[in-house]
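K.L.:
Here's the letter readout for the chains.
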Amino acid sequence: MAMDLITTNTSSGAASSSFTSSIDSTYKLYIFKFYDVNPATDAASFTFQVNATDDPGGDYDVSLITSTYFDIYHSEADGTPALEYRTAHDLAQAASFQPLTISLGNGADESAAGELHLFNPSSTTYVKHFYGATHYYQGADTAYSAYVGGYINDTTAIDDIQFKMASGNFDGTIKMYGVG
Amino acid sequence: MSLLPYASLAHRRKSFRVTGDVVLLSTQTASDSASLDFTSGITSTYGEYIFKFYNINPATDEAEFTFNGSVDGGSNYNVTKTSTFFQASHKEDDANTEFTYETGEDHAQATGFQTLARNLGSAADESGAGELHLFNPASTTYVKHFYGRAVDCGGGVPRIWDNFSAGYFNITSAINAAQFKMSSGNFDGTIKMWGVK
Chain A
50 MAMDLITTNT SSGAASSSFT SSIDSTYKLY IFKFYDVNPA TDAASFTFQV
100 NATDDPGGDY DVSLITSTYF DIYHSEADGT PALEYRTAHD LAQAASFQPL
150 TISLGNGADE SAAGELHLFN PSSTTYVKHF YGATHYYQGA DTAYSAYVGG
200 YINDTTAIDD IQFKMASGNF DGTIKMYGVG
Chain B
787 MSLLPYASLA HRRKSFRVTG DVVLLSTQTA SDSASLDFTS GITSTYGEYI
837 FKFYNINPAT DEAEFTFNGS VDGGSNYNVT KTSTFFQASH KEDDANTEFT
887 YETGEDHAQA TGFQTLARNL GSAADESGAG ELHLFNPAST TYVKHFYGRA
937 VDCGGGVPRI WDNFSAGYFN ITSAINAAQF KMSSGNFDGT IKMWGVK
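In the order they appear, the protein sequences are chains A and B.
In the working numbering, each residue carries its 1-based index in the first sequence increased by 49.
In the working numbering, each residue carries its 1-based index in the second sequence increased by 786.
It should be emphasised that the hints constitute simulated quantities derived from the structure, not laboratory data.
Values in this document were obtained by computation on a predicted structure and should not be read as measured data.
By construction, the Cβ of each residue, glycine as well, lies at the ideal position given by its N, Cα and C atoms.
Wrong hints could be hidden among the right ones.
Stated by the list, open to error - Heads up, simulated DMTMM-like pairs for lysine to aspartate or glutamate below, C-alpha to C-alpha not over 25 Å straight-line:
| hint | chain 1 | residue 1 | chain 2 | residue 2 |
| --- | --- | --- | --- | --- |
| 1 | A | Lys77 | B | Glu917 |
| 2 | B | Lys983 | A | Asp208 |
| 3 | B | Lys983 | A | Asp220 |
| 4 | B | Lys838 | A | Asp53 |
| 5 | B | Lys983 | A | Glu159 |
| 6 | B | Lys983 | B | Asp823 |
| 7 | B | Lys978 | B | Asp823 |
| 8 | B | Lys877 | B | Glu912 |
| 9 | B | Lys838 | B | Asp823 |
| 10 | B | Lys983 | A | Asp158 |
| 11 | B | Lys978 | A | Asp53 |
To be verified - Okay, the calculated bits of chain B under chain A, using three or more residues with CB under 8 Å as the criterion:
| hint | stretch |
| --- | --- |
| 12 | 925-931 |
| 13 | 948-958 |
When you get a sec, could you build the whole thing from the sequences and use the hints?
P.N.:
So this is what it looks like as structure tokens:
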């Protein structure tokens, strides 16, 4: 299985990081790996949304997503850890951005890292599945792991994706890979 | 003679396609070993390192497979970390299932080894397998995130364990070595380290 680096976006005080080319039928799986994601606004969520080919250059506000979101956390102070489903961070036929984290810390050494898999975005037959795992330093000095899964409920091909914070700008590196 | 350069080029191209931008950096094989140490190759060259391990078979039944990082090239494996650990399990006799957080396998600003897989069986056909992702270990700005997933055939009552570990090394010094070992006793197995461009 080959995994080819296609694009690297490095953000510094950026409002968003978009991938607007090379998402096509060349690969059946696109993997986005991100690290050193550090927001300007404390406790903001790191999120993503897509554009379909029938909304070229769109505002990432049309594609409907149905998803799940759960996380697990443990504080540096050894507070009670927990594994929780987050109803406020899943989506049900909503066109809003899908959170990959909650409350990411903005301290100088605080960040998020993880990956998002987007399956066969060029399909014109099926909905488009995705899943992601993100590991981050939450603003209250806690280790969080967040797991999202879902589908973009659209049979139109997806060719753009955008990552941004729910509030404010961010630093970070996001790489897009094609697989198989 | 004239075909040799073309054959070599074709071979290189084939190799590139096979590996893509995930590069195998090191393979280590344990045979009744106390640990496997990766003390070179963890640098700023790659933003992510993936360790894949398989055929992990401990000498001691129901021991944990663990790892730690080092900031001094492997002289000490004792980096402060905060982490989580949860698991699912299912017995061969279908007696019960579990889906639980394991407070005994996480860390809160502790320097001990992080469990990747619990309760590995030591019988001849029992083993564990999985992977560990370590992000940007060379950063001198941010903490270093990691996560692992491993499955193993448990000792005692035969069962599958599906183990999820994650956390961060709470240090802004670069991590430049990693060690894998059992919580008790030696082990057999193979661990491969990959760099992701």
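K.L.:
Does each hint fit the structure? Answer for all of them.
P.N.:
Here is what the structure says about each hint:
1. A:Lys77 <-> B:Glu917: holds (23 Å)
2. B:Lys983 <-> A:Asp208: holds (23 Å)
3. B:Lys983 <-> A:Asp220: holds (19 Å)
4. B:Lys838 <-> A:Asp53: Status holds; Cα separation ~19 Å.
5. B:Lys983 <-> A:Glu159: Satisfied, since the Cα-Cα distance of roughly 23 Å is no more than 25 Å.
6. B:Lys983 <-> B:Asp823: holds (22 Å)
7. B:Lys978 <-> B:Asp823: Satisfied, since the Cα-Cα distance of roughly 11 Å is no more than 25 Å.
8. B:Lys877 <-> B:Glu912: holds (14 Å)
9. B:Lys838 <-> B:Asp823: Distance of about 14 Å is within 25 Å: holds.
10. B:Lys983 <-> A:Asp158: holds (23 Å)
11. B:Lys978 <-> A:Asp53: Measuring from Cα to Cα gives roughly 19 Å; hence the hint holds.
12. 925-931: holds (count 5)
13. 948-958: holds (count 6)
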